[in-house]
Amino acid sequence: MTDTGDKKINILLFSGEYDKALVALILANTAHSIGVKATIFCAFWGLLLLRDPDKFTLEGKNELEKAFALMTAKGAEELPLSRMNLSGLGKMMLKKMMADEEAPDLHNFLQEACKKGVKFYGCKLSAEVMGIQKEELIPGVEIITAEDYLKDALDSDLELFI
Amino acid sequence: MTDTGDKKINILLFSGEYDKALVALILANTAHSIGVKATIFCAFWGLLLLRDPDKFTLEGKNELEKAFALMTAKGAEELPLSRMNLSGLGKMMLKKMMADEEAPDLHNFLQEACKKGVKFYGCKLSAEVMGIQKEELIPGVEIITAEDYLKDALDSDLELFI
Amino acid sequence: MTDTGDKKINILLFSGEYDKALVALILANTAHSIGVKATIFCAFWGLLLLRDPDKFTLEGKNELEKAFALMTAKGAEELPLSRMNLSGLGKMMLKKMMADEEAPDLHNFLQEACKKGVKFYGCKLSAEVMGIQKEELIPGVEIITAEDYLKDALDSDLELFI
Chain A
19 MTDTGDKKIN ILLFSGEYDK ALVALILANT AHSIGVKATI FCAFWGLLLL RDPDKFTLEG
79 KNELEKAFAL MTAKGAEELP LSRMNLSGLG KMMLKKMMAD EEAPDLHNFL QEACKKGVKF
139 YGCKLSAEVM GIQKEELIPG VEIITAEDYL KDALDSDLEL FI
Chain B
19 MTDTGDKKIN ILLFSGEYDK ALVALILANT AHSIGVKATI FCAFWGLLLL RDPDKFTLEG
79 KNELEKAFAL MTAKGAEELP LSRMNLSGLG KMMLKKMMAD EEAPDLHNFL QEACKKGVKF
139 YGCKLSAEVM GIQKEELIPG VEIITAEDYL KDALDSDLEL FI
Chain C
19 MTDTGDKKIN ILLFSGEYDK ALVALILANT AHSIGVKATI FCAFWGLLLL RDPDKFTLEG
79 KNELEKAFAL MTAKGAEELP LSRMNLSGLG KMMLKKMMAD EEAPDLHNFL QEACKKGVKF
139 YGCKLSAEVM GIQKEELIPG VEIITAEDYL KDALDSDLEL FI
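In order, the protein sequences belong to chains A, B and C.
With positions in the first sequence counted from 1, the corresponding number in the numbering used here is that position plus 18.
With positions in the second sequence counted from 1, the corresponding number in the numbering used here is that position plus 18.
With positions in the third sequence counted from 1, the corresponding number in the numbering used here is that position plus 18.
What the hints contain is simulated information worked out from the structure, not anything from laboratory work.
No residue lacks a Cβ here, since even glycine has one placed at the ideal position from N, Cα and C.
No false leads were slipped in.
FRET-style restraints, in silico, Cβ to Cβ:
1) B:Glu120 to A:Gly158: 53 to 59 Å
2) B:Glu120 to C:Gln151: 14 to 20 Å
3) C:Ala121 to A:His125: 30 to 36 Å
4) B:Ile162 to C:Ala85: 40 to 46 Å
5) B:Cys132 to C:Ile52: 41 to 47 Å
6) B:Ala85 to A:Glu95: 20 to 26 Å
7) B:Ile162 to A:Glu95: 27 to 33 Å
8) C:Ile52 to A:Gly53: 28 to 34 Å
9) A:Lys73 to C:Ile52: 30 to 36 Å
The following block holds chain A by itself, in its conformation from the complex:
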């Protein structure tokens, strides 16, 4: 069996979809439970996962950023499915099927990840383009550049683009 001590996984979460974010969080949480450090770098749509619904604000945004803020998911639970979303019906089905198996939902996985020490980074350029401020994100998120991401990823043992 592999020795997992001192290993690190690095996930670049580009997608802003419920099922893909779920996989990213399950992998990161599982990694931590076997002693492997995990980092999730959220870029582009992936940044939506980190929005804190309670901190939603339109202040300090220009017109386009306001429109964008309103049109996109305000946090984990609002993300749509990548397939079969069916205006939310498919997602409702999936969430019910997960609950039937006593699997936690995305919000719970996110909270667990934060508690376990999974490190969340937000992409600086994405945040600037989307007009999202650090204050609108869940606590503990650091904003870093693509260069910082690359250095961290090159130093990891498993890197995935989700």
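For chain A, the structure is supplied; the task is to place chains B and C on it using the hints.
Same frame as chain A, but now just chains B and C:
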């Protein structure tokens, strides 16, 4: 040139789409042909690739699982394209274009992969949530956990999330 | 901090979408700026990024290939968004938001990548199936097989499937 001896590639197939599954299988088959071992871990929609159309059953499923089983692809050839599916027209075009170049179709690639010894795993949590039983899958698939996947991936030389 | 000397990143660009191609190019350009070599292997829809709009031709294509050539993006700037494309409106918004932050557009990133020495490869099988000839692509692209890609990726320090 790289020495490929003893190397391993590990693909996490999340997508249930014809073109993406095609790429996963082409990479795995090509790896085997140059002496590189290949593993495909099918999670979420990726699990649909492994369904055996001849073993389709609604038995032992609850109402939601039945609906889900009916709404999703019953094996490789029923998977839609990730883009330009156009209710199947785009996929028909692609398949015809592939046949014109004498490229095998997805079903053939899957059979070749099984024959060559590409190792297919199904994700335990995904199978449980979707209500898919091992008996509904093509022969030889093993059901493993996210932890098993992570250990295998950490032990590989090339890991992709498709 | 990581020593990035002699390191290589390898991106398999499968997607033919504006935002995903943007991420691939930003990562490749950033890599080069810190002394890390970058390779982008464009397969399937990813090949559309490499089409040179000025070299578009229907010559030498059969009927299906002609239809396909007309239905798909003729180069970087025609690629749609992976989400919220809204028949082009979402993409217009994104491009405006990027311009507001003085971020270059996809075409600029592609030119910068070529100038910096990012290596672009096209997938042989994809080019054959889609009926795309090397002459229709931007200068400097080499057509290679999946086997060539695998050997290059196995020899890299960071591999992503985008």
